[in-house]
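Undergrad: Chains A and B supply the protein sequences, listed in that same order. So in the numbering used here, spot 53 of the first sequence is number 53, and the numbers just go up one at a time. Each number in the numbering used here corresponds to the 1-based position in the second sequence with 265 added.
Some hints here could point you the wrong way.
Claimed, not checked - Simulated crosslink set (DSS-like; lysine-lysine; CA at most 25 Å straight-line):
no.	chain 1	residue 1	chain 2	residue 2
1	A	Lys-162	A	Lys-203
2	A	Lys-162	A	Lys-219
3	B	Lys-443	A	Lys-50
4	B	Lys-324	A	Lys-43
To be verified - Here are some chain B residues pointing at chain A (derived, C-beta under 7 Å):
no.	residue
5	Gly-280
6	Arg-282
7	Ala-294
8	Val-314
9	Gln-315
10	Tyr-322
11	Ile-341
12	Leu-426
13	Ile-428
14	Ala-429
If you are wondering where the hints come from, they were derived from the structure by calculation, not from laboratory data. Small disclaimer: the values here were computed from a predicted structure and weren't measured. Think of the CB as a built atom: it goes at the ideal place given N, C-alpha and C, for glycine as much as any other residue.
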Amino acid sequence: MNHLNEEELVDHYYGEDAAESRAETERHLETCPQCTEALRDLKCDLEEMKAGGDSQAFAFLESPAGVASYGRRVWAALASSLEPYAARKRAGLRLTLWQGLAYAAACAVLVACAFYAGRQWEHRQPPVVAHVAPHPAAKQPVVIVVLGDHLDRSERLLVELKHTDADNEEMAVPLRDEARTLLAANRICRQNAKNSDDPALTKALDRLDHLLAQLASQKDDLDSDTIERLQKEMNQGNLLFEVRVLRTRIPDRQASAGRSQGGTI
Amino acid sequence: MGENDHATVRAILAGDRDAYAALVMRHSATLFRVAYRITGNQADADDVVQEAFLRGYRKLEGFESRSNFGTWIYRIAVRCALDRIDGRKTNERSRVSEETDPEQQAVQVADEAAGPERLLLSAEIAAMQQMALRSLTPTERTAFVLRHMEDRSTEEIAAALGIAPNAAKQAVFRAVQKLRQRLANLRVRI
Numbered sequence: 001m002n003h004l005n006e007e008e009l010v011d012h013y014y015g016e017d018a019a020e021s022r023a024e025t026e027r028h029l030e031t032c033p034q035c036t037e038a039l040r041d042l043k044c045d046l047e048e049m050k051a052g053g054d055s056q057a058f059a060f061l062e063s064p065a066g067v068a069s070y071g072r073r074v075w076a077a078l079a080s081s082l083e084p085y086a087a088r089k090r091a092g093l094r095l096t097l098w099q100g101l102a103y104a105a106a107c108a109v110l111v112a113c114a115f116y117a118g119r120q121w122e123h124r125q126p127p128v129v130a131h132v133a134p135h136p137a138a139k140q141p142v143v144i145v146v147l148g149d150h151l152d153r154s155e156r157l158l159v160e161l162k163h164t165d166a167d168n169e170e171m172a173v174p175l176r177d178e179a180r181t182l183l184a185a186n187r188i189c190r191q192n193a194k195n196s197d198d199p200a201l202t203k204a205l206d207r208l209d210h211l212l213a214q215l216a217s218q219k220d221d222l223d224s225d226t227i228e229r230l231q232k233e234m235n236q237g238n239l240l241f242e243v244r245v246l247r248t249r250i251p252d253r254q255a256s257a258g259r260s261q262g263g264t265i
Numbered sequence: 266m267g268e269n270d271h272a273t274v275r276a277i278l279a280g281d282r283d284a285y286a287a288l289v290m291r292h293s294a295t296l297f298r299v300a301y302r303i304t305g306n307q308a309d310a311d312d313v314v315q316e317a318f319l320r321g322y323r324k325l326e327g328f329e330s331r332s333n334f335g336t337w338i339y340r341i342a343v344r345c346a347l348d349r350i351d352g353r354k355t356n357e358r359s360r361v362s363e364e365t366d367p368e369q370q371a372v373q374v375a376d377e378a379a380g381p382e383r384l385l386l387s388a389e390i391a392a393m394q395q396m397a398l399r400s401l402t403p404t405e406r407t408a409f410v411l412r413h414m415e416d417r418s419t420e421e422i423a424a425a426l427g428i429a430p431n432a433a434k435q436a437v438f439r440a441v442q443k444l445r446q447r448l449a450n451l452r453v454r455i
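If we strip away everything but chain A, and leave its shape as in the complex, we get (with noise of 0.2 Å):
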């Protein structure tokens, strides 16, 4: 084994060296000289330590009288800042109380300062719809659409007035009923066109209303000389031919109007 060094010498003073390498330790001792020596000298240096110094300083400890006299003073010197446990509890929880109540009326002061400022906020915005200026084009989306339904069920009508045998009565009747339904609409779309400056539709519409209006006011016995009168009526005005010429034009300003108000049709 090599001599021992300096850490393994005071590991082995303290005890604090391993079973197995102390009984090692203390064999290399017995017979190596220079390493007996040299932990002699440690011991020596730190009994020194030990026995030099604060022995005087613990005199007064020495008797359980000097401990307790000690302790006494110790207590003195510390009661005073020392404060009750319980109180201290209670001290907390009214601590905690109060930081409750305080957040609480935080919290409701906060509520209501939202709700004031939303309603002075309100107060000050007009009103979202009085900013939105109708479009012109925005509600001609509409009377199209009315217009090109009107149209269409308008061109059926008319073709099958023009292609009724006007000797069967049963076949006459519905044609009266639908006059009824589209003189409604008829009216309605006339009064949009009119409005929008559109005479040629205007024009049309007219004369639809006038072969409606006298279709519709039929009473049941809807006799062939009258449908023959309206199926004249209508080829000399070239009714139906104009009704559809009115009707190819609405997919042209369906498409304009979509492109301009970005094809919410």
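Add chain B to chain A, keeping to what the hints say.
TA: Leaving out everything else, chain B in the frame of chain A:
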């Protein structure tokens, strides 16, 4: 003793502040010894004992009933003493470094190198040992005091200082090494 301490702690936490007096009376001597050995003077030791009991009282709710009150308050005292010498060392360093008076510096140097005739007196030997102890770092000094004078195990030292056991062991070894080097002259003269 331990069971008595636990009962006393329960009484204190229930609001009986004066019950703490019993714990103070029971443990103050032990705390004073370790505080004195670490700080090296009675005034600091007294302050450390009071501070330790004050901290202990304030942390008493965190004291676990399975622990030993004596060990618990002892560790607090060691930490207080360590803090005190740590702060003192800093103050001493700044005072010396800021010192500009040559006469004052000469006095300090003379105190460090005592003459051989003074070493013959046991009081002077103790003074040399104290001086050697002061030359250690606070951790080394505390570890050495706990190991060598208080006979505490490495694990107890580590727990008191809040360091790993191996670090505590190394601190003790470094302290022994430094002390022997500083006191080598003394050994030769004697």
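Undergrad: Run every hint past the structure and note whether it holds.
TA: Hint check:
1. A:Lys-162 with A:Lys-203: Holds - the C-alpha atoms of A:Lys-203 and A:Lys-162 are around 21 Å apart, at most 25 Å.
2. A:Lys-162 with A:Lys-219: holds (20 Å)
3. B:Lys-443 with A:Lys-50: Satisfied, since the Cα-Cα distance of roughly 16 Å is no more than 25 Å.
4. B:Lys-324 with A:Lys-43: violated (41 Å)
5. Gly-280: Holds - the Cβ of B:Gly-280 comes within 7 Å of chain A, reaching about 3 Å at its closest.
6. Arg-282: holds (4 Å)
7. Ala-294: Holds - the Cβ of B:Ala-294 comes within 7 Å of chain A, reaching about 4 Å at its closest.
8. Val-314: holds (6 Å)
9. Gln-315: holds (5 Å)
10. Tyr-322: holds (5 Å)
11. Ile-341: This interface hint is violated because 14 Å lies over the 7 Å limit.
12. Leu-426: violated (16 Å)
13. Ile-428: Violated, because the Cβ-Cβ distance from B:Ile-428 to chain A comes to roughly 16 Å (cut-off 7 Å).
14. Ala-429: violated (15 Å)
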